[in-house]
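K.L.:
Residues per chain, in single letters:
Protein chains: 2
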Amino acid sequence: MSMKRSTQTVRISIVGFGNVGRGVAEVIRRKREELARRYGLDITIVGIADLRGVIVDENGVSEEAIKALKTGHKSMGTMADMTSVEVIRDVEHEVMVEATPTNVETGEPGLTHIITALESGRHVVTSNKGPLAVEYKRLMELAAKKEKELRFEATVGGAMPIFSLVKGDLAGNEILSIKGILNGTCNYILTRMAEEGLPYEHVLKEAQEIGIAEANPSQDVEGVDTAVKLVILANSIFGRNATCKDVEVTGITEITPDALTLADEAGYVIKLIGEVDREGNLKVAPRLVPKDDPLNVGGILNVATIKTDLAGDITVIGKGAGPIEAASAMLSDLIGIYSQKVQ
Amino acid sequence: MSMKRSTQTVRISIVGFGNVGRGVAEVIRRKREELARRYGLDITIVGIADLRGVIVDENGVSEEAIKALKTGHKSMGTMADMTSVEVIRDVEHEVMVEATPTNVETGEPGLTHIITALESGRHVVTSNKGPLAVEYKRLMELAAKKEKELRFEATVGGAMPIFSLVKGDLAGNEILSIKGILNGTCNYILTRMAEEGLPYEHVLKEAQEIGIAEANPSQDVEGVDTAVKLVILANSIFGRNATCKDVEVTGITEITPDALTLADEAGYVIKLIGEVDREGNLKVAPRLVPKDDPLNVGGILNVATIKTDLAGDITVIGKGAGPIEAASAMLSDLIGIYSQKVQ
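Residue numbers (this note's numbering), protein chains in the order written: chain A, 1 to 343; chain B, 1 to 343.
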């Protein structure tokens, strides 16, 4: 649209400055002019907090300070003597970007960060699954009470849109179920096992060597990561109050090359499928998927098929992981906060 | 969200009352309470205009009047002595739903309907490709001048979201190209030819018998329908001012079962692919697609892969046609008008 509009300043903090937090900072740096031009948003990072230290600058943190934080050179005089919680509470800003590591048992430290931000009257955009899996209802009630937004597109499917797809693009539809591959590590392992006829342990090791699987892969391969994502989908899209305990989970560690070969001969592939429906069933398990089904995607891709009453089945496919992909989802969330009148 | 909100009355007209227009009326009837509860919108149809006649009722047209219009029983006293243009101009309402048949040469009668609605200060939601292919720039400039919205999700991919996906879910991304299967009839024909080894003419006839291909299938099988959709994508997403003349088009009428077999043996399928990029290239042609590519979907499905700078490749798959599917997209457009602060 060619309508003129004034530019609105949006001050943000980034809490947790690992790959995802850095991705957000990098994307905002690259896109600053474009965001002002296209969306009328002048996004300024006024605080970054991490275990390594804290930078605060009301005029926008400098590239030099960011570099110092990354390399741990606290001598540069850019560091503030504050905790993460103090930055969230005491530095004036509009949106807190939460990107600390996920803890699915306690939700911490993300949970405290998000509560502090909402209590302080700030919107929240997060990639952290833990707080949403542990205390979804409490967080959304707090956000509603404070009339602030809590957005979390990056928690499920990385750059692959799902919450915004359901709430925006499919508005007016009733969602019957969501079913898909929500863990790229498992998909990579099963795809390689099927292609090469190699055993699980061999492919896992290969995946670890190229950085697709973590040194301790249990959260991924035992299906816990997929289960956590299902919990967030259940709570957000189906209005449930589920936790990980409500999910029936089987991982991929027992899948053999023989099973994949048998499936192949019958026209199927085996994928780790997460499924959640409006009746409140939550299940993660290896399932046979017909080769010509849209859910049959390979490599590290994620996919979700959303069953609706009007639009039928809508499938979306994208990269489920990666810092720039997560940052993409978080940037869309950030823009969405300033372009949406109602939830 | 549990925030309370007051209900806003949205009066709409439906112009063109074939399958899609009826689908919209049916969906609004079914969903009226849900739309009030979830979105705070009380959607009332105050006018329906069609070649068969016109119904106007400021309190909402009755089911009986709709039935009478469908069956042509003008004797029921429900008909108004007005033209479509008079309904659009003179009946007080907020949104005109345009669902007359597409004419890709002149854009009429949809073009006149949309211009009249915008000039009269009404938002427009349309499934009609013609006006957008012929006069995109003029229509969007008029909408901007009048500060009204013109939405057209249903014109490309039916229920499969694409415009809202790019503008909302992928906000902040630069779109590099869009590539996909945008015509379900061609996809059905090529899928059946590949599966059964049958010649084009045979499968076309079969598709005509079951209502998937029209009696005069040339718009579909010669690639014109796909070309028109590319023009709308080029203009809307890439800011072009393209028309059908700018598209290089080859259809599927020359594809042989032999070609499909050769492709199959090499690990490919042949699909009618439409592609548009930010450099302004618009092309429709049968293309080889690797079997494991997300673009390889069968039957009447549509698919689009959106190449972006941050999110990577995002693919969306859905039913490209059907009255309820089109109505789903139009309903999402309607809700979107009342939930979006900026375009």
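Among the hints, erroneous ones may be present.
Which copy? The list can't say, so a pair holds if one copy fits it or any two copies do.
[Stated by the list, open to error] Listed below are the simulated EDC-like cross-link pairs for lysine to aspartate or glutamate, each with C-alpha atoms no more than 20 Å apart in a straight line: (1) Lys-146 - Glu-206; (2) Lys-291 - Asp-264; (3) Lys-70 - Glu-275; (4) Lys-283 - Glu-248; (5) Lys-291 - Glu-195; (6) Lys-167 - Asp-42; (7) Lys-205 - Asp-313; (8) Lys-148 - Glu-119; (9) Lys-205 - Glu-195; (10) Lys-70 - Glu-141; (11) Lys-148 - Glu-92; (12) Lys-148 - Asp-293; (13) Lys-307 - Glu-34; (14) Lys-307 - Asp-277; (15) Lys-291 - Glu-265; (16) Lys-167 - Glu-34; (17) Lys-148 - Glu-94; (18) Lys-307 - Asp-292; (19) Lys-145 - Asp-313; (20) Lys-283 - Glu-92; (21) Lys-137 - Asp-277; (22) Lys-307 - Glu-174; (23) Lys-307 - Asp-258; (24) Lys-291 - Glu-196; (25) Lys-167 - Glu-33; (26) Lys-291 - Asp-57.
Read the hints as simulated data drawn from the structure, not as lab findings. Bear in mind that the values here come from a model prediction, so they are computed numbers and not experimental data.
K.L.:
Next, verify each hint and record whether it holds.
P.N.:
Against the structure, the hints:
1. Taking the shortest alpha-carbon separations for Lys-146 and Glu-206, neither the intra-copy value of 48 Å nor the inter-copy value of 59 Å comes in at or below 20 Å.
2. Taking the closest pair of Cα atoms, Lys-291 and Asp-264 come within 20 Å of each other both inside a single copy (8 Å) and across two copies (14 Å).
3. Neither within a single protomer nor between protomers do Lys-70 and Glu-275 lie at most 20 Å apart by alpha-carbon distance, with minima of 39 Å and 42 Å respectively.
4. Taking identical chains as interchangeable, the C-alpha atoms of Lys-283 and Glu-248 lie at most 20 Å apart only when both belong to the same chain, with a minimum of 5 Å there against 47 Å between chains.
5. Proximity of Lys-291 and Glu-195 under a CA criterion of 20 Å is satisfied in both settings, with 13 Å inside one chain copy and 14 Å between copies.
6. In this assembly of identical chains, Lys-167 and Asp-42 lie within 20 Å of each other by CA distance solely across copies; the values are 19 Å between and 26 Å within a copy.
7. For a Cα distance limit of 20 Å, the shortest separation of Lys-205 from Asp-313 qualifies neither inside one copy, at 36 Å, nor across copies, at 27 Å.
8. For the homomeric pair Lys-148 and Glu-119, the shortest alpha-carbon distance inside one copy (9 Å) is at most 20 Å, but the shortest distance between copies (37 Å) is not.
9. For the homomeric pair Lys-205 and Glu-195, the shortest alpha-carbon distance inside one copy (16 Å) is at most 20 Å, but the shortest distance between copies (39 Å) is not.
10. With identical chains, the CA atoms of Lys-70 and Glu-141 are never at most 20 Å apart, being 35 Å at best within one copy and 47 Å at best between copies.
11. Taking the shortest alpha-carbon separations for Lys-148 and Glu-92, only the intra-copy value of 15 Å comes in at or below 20 Å, while the best inter-copy value is 36 Å.
12. For the homomeric pair Lys-148 and Asp-293, neither the shortest alpha-carbon distance inside one copy (40 Å) nor that between copies (40 Å) is at most 20 Å.
13. Taking the shortest alpha-carbon separations for Lys-307 and Glu-34, only the inter-copy value of 18 Å comes in at or below 20 Å, while the best intra-copy value is 35 Å.
14. For a Cα distance limit of 20 Å, the shortest separation of Lys-307 from Asp-277 inside one copy, 9 Å, qualifies, whereas the shortest one across copies, 30 Å, does not.
15. Taking the closest pair of Cα atoms, Lys-291 and Glu-265 come within 20 Å of each other both inside a single copy (11 Å) and across two copies (16 Å).
16. Taking identical chains as interchangeable, the C-alpha atoms of Lys-167 and Glu-34 lie at most 20 Å apart only when they sit on different chains, with a minimum of 14 Å there against 26 Å within one chain.
17. When the C-alpha separation of Lys-148 and Glu-94 is checked against a cutoff of 20 Å, the pair qualifies only within one copy, where the shortest distance is 10 Å, while the shortest distance between copies is 30 Å.
18. For a Cα distance limit of 20 Å, the shortest separation of Lys-307 from Asp-292 inside one copy, 17 Å, qualifies, whereas the shortest one across copies, 23 Å, does not.
19. In the homo-oligomer, the alpha carbons of Lys-145 and Asp-313 never lie at most 20 Å apart, since the shortest distance is 35 Å inside one protomer and 37 Å across protomers.
20. Taking CA atoms no more than 20 Å apart as the test, Lys-283 paired with Glu-92 passes in neither setting, with 42 Å inside one copy and 50 Å between copies.
21. For the homomeric pair Lys-137 and Asp-277, the shortest alpha-carbon distance inside one copy (18 Å) is at most 20 Å, but the shortest distance between copies (43 Å) is not.
22. In the homo-oligomer, the alpha carbons of Lys-307 and Glu-174 lie at most 20 Å apart inside one protomer (9 Å), although the nearest pairing across protomers, at 29 Å, exceeds that limit.
23. With identical chains, the CA atoms of Lys-307 and Asp-258 are never at most 20 Å apart, being 32 Å at best within one copy and 36 Å at best between copies.
24. With identical chains, the CA atoms of Lys-291 and Glu-196 are at most 20 Å apart both within one copy (17 Å) and between copies (17 Å).
25. For the identical chains of this complex, Lys-167 and Glu-33 are inter-copy neighbours only, at 18 Å across copies versus 28 Å inside a copy, given an alpha-carbon limit of 20 Å.
26. Taking identical chains as interchangeable, the C-alpha atoms of Lys-291 and Asp-57 are never at most 20 Å apart, the minima being 53 Å within one chain and 52 Å between chains.
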